[in-house]
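Given chain U, work out where chain R should sit, using these hints.
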Amino acid sequence: MGIYSGTASYQRYRTAEKPPENIKEFVLEKLKNFSFREIDPGTITEKSAGWVSAENMASTFFDDMHFAKDPYLVFSLRVDTRRIPGLAMKAGLLKEEIRFKEGTGKDRLSKQDRDMLKEEVWQSLLKKVLPTPAVYDVCWNSQTEEILFFSNAKSANDEFVTLFYRAFDLKLVPLVPYELADEIVQKKNRSVTLENLRVDFVDG
Amino acid sequence: MDRDDLRKQCSFGKDFLTYICYISDKNTGVMNIPSSDEPFTLWLDGKIVMADDRDPPPNTVTYSGDDFTVDELKQAIRSGKKVKEARLRIEQGSNLWSFGLKAERFEIASVKIDIPQTNDMDERFFDRILSIEALNRILDQLYDFFISEVYEKKWQVEGYPEFQSWLKKTV
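Protein sequence lines, in the order shown, are assigned to chains U and R. For the first sequence, our numbering gives the first residue as 252, with consecutive numbering after it. For the second sequence, our numbering gives the first residue as 5, with consecutive numbering after it.
With the rest of the complex left out, here is chain U (with noise of 0.2 Å):
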């Protein structure tokens, strides 16, 4: 569901700052620098996120220039997280328990005892947790300098903006209606300012 197929959900974006001229030159540098990359199995890595090829999610290969399509810049977020199903977790807490106070003697179990419990289990179940892959096309347009980022979800758009930053060192300004409005009234009449505009449908 994005730009190449299924129907399309985005939010639109624009750059605050002006990208640099050379920007197909400056991107490929940025994509590569922040690939994504895959989640180290043996790690306690819960989240990875990074750039992807939009035409294939598995691939960060960018060098032939397949994401430039003049005007547009074309690429995805890839994010991978690893979450423990809350039962796993709870069940794999137990038996640590009853493993633990067999082994110590204990009857009750301490808040040290039990916060060191759960660190271990949860790092140890991480470790067998597959990660989820999430992925969202991404749309440059270089001569507009407008952005399409496919996906509504909240969190999708956080994760965007902050590697969008990261990566290019450009902030992103979304196209919501106090921007949209700024914009058009500041192309009328710089004197006018936005907190004296409402409109009125009924009395009151």
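Everything labelled a hint here was simulated from the structure, so no lab data went into it. Watch out, some of these pointers could steer you wrong.
[What the hints assert, rightly or not] For the chain U half of the interface with chain R, some residues (derived, Cβ under 8 Å), not all of them:
#	residue
1	ALA259
2	GLN262
3	ARG263
4	MET316
5	LYS320
6	TRP373
7	LEU376
8	CYS390
9	LEU426
10	VAL436
From the three backbone atoms N, C-alpha and C, an ideal C-beta is built for every residue, glycine too.
Chain R in isolation, oriented as in the chain U frame:
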């Protein structure tokens, strides 16, 4: 008040959606926007969410399907509700878009792009992005038209009385 607060408190999105529902009904769908290259039609397309969030908790009503009437829209506006979310259908020339629009952040949801499918990835990309950008342009023109109506004080002098007479008229 900083920009983030203004952004959060801004009700332009809801005002805009309410306004275009009114204009669509008043002009039987036909939109003649001065900045638009050619006229287009705009209709509600099966779903509308209206909310009165002046006092918490927000008082929301959702209509979906074909049974929703303009009288229900007017009744909801009279009770202080504004359109928070709507599914719209726009036709311009041979182009047709059906999509959801949410007032708070102008999120575009589930756009059905009515173009022939091709196996060529680049061709498919350009067909779709050009269609999406054409839709965005129409929405920008509509929003510009709406803001101009308010900004140029036309609303108090002409717009509001016309809106009130539309609101009072029942079908």
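Verification of the hints:
1. At a threshold of 8 Å, the smallest CB-CB gap from U:ALA259 to chain R is about 5 Å, leaving the interface hint in force.
2. Taking 8 Å as the C-beta contact cut-off toward chain R, the hint placing U:GLN262 at the interface holds, the least distance being around 5 Å.
3. Interface hint at U:ARG263: satisfied, since its Cβ lies 7 Å from the closest Cβ of chain R, which is below the 8 Å cut-off.
4. Nearest Cβ of chain R to the Cβ of U:MET316: about 13 Å, over the 8 Å cut. The hint is violated.
5. Evaluation of the U:LYS320 hint against chain R yields a held restraint, the C-beta minimum of about 6 Å falling below 8 Å.
6. The criterion of a C-beta within 8 Å of any C-beta in chain R is not met by U:TRP373, whose closest approach is roughly 35 Å, and the hint is violated.
7. At its closest, the beta carbon of U:LEU376 sits 36 Å from a beta carbon of chain R; the interface hint therefore is violated under the 8 Å criterion.
8. Satisfaction of the interface hint for U:CYS390 is found here, the shortest Cβ-Cβ separation to chain R being roughly 6 Å, below the 8 Å cut-off.
9. Look at U:LEU426: its Cβ gets to within about 7 Å of chain R, closer than 8 Å, so that hint holds up.
10. Interface hint at U:VAL436: satisfied, since its Cβ lies 6 Å from the closest Cβ of chain R, which is below the 8 Å cut-off.
Figure legend: structure checked against the earlier numbered hints; hints not met, in rising order: 4, 6, 7.
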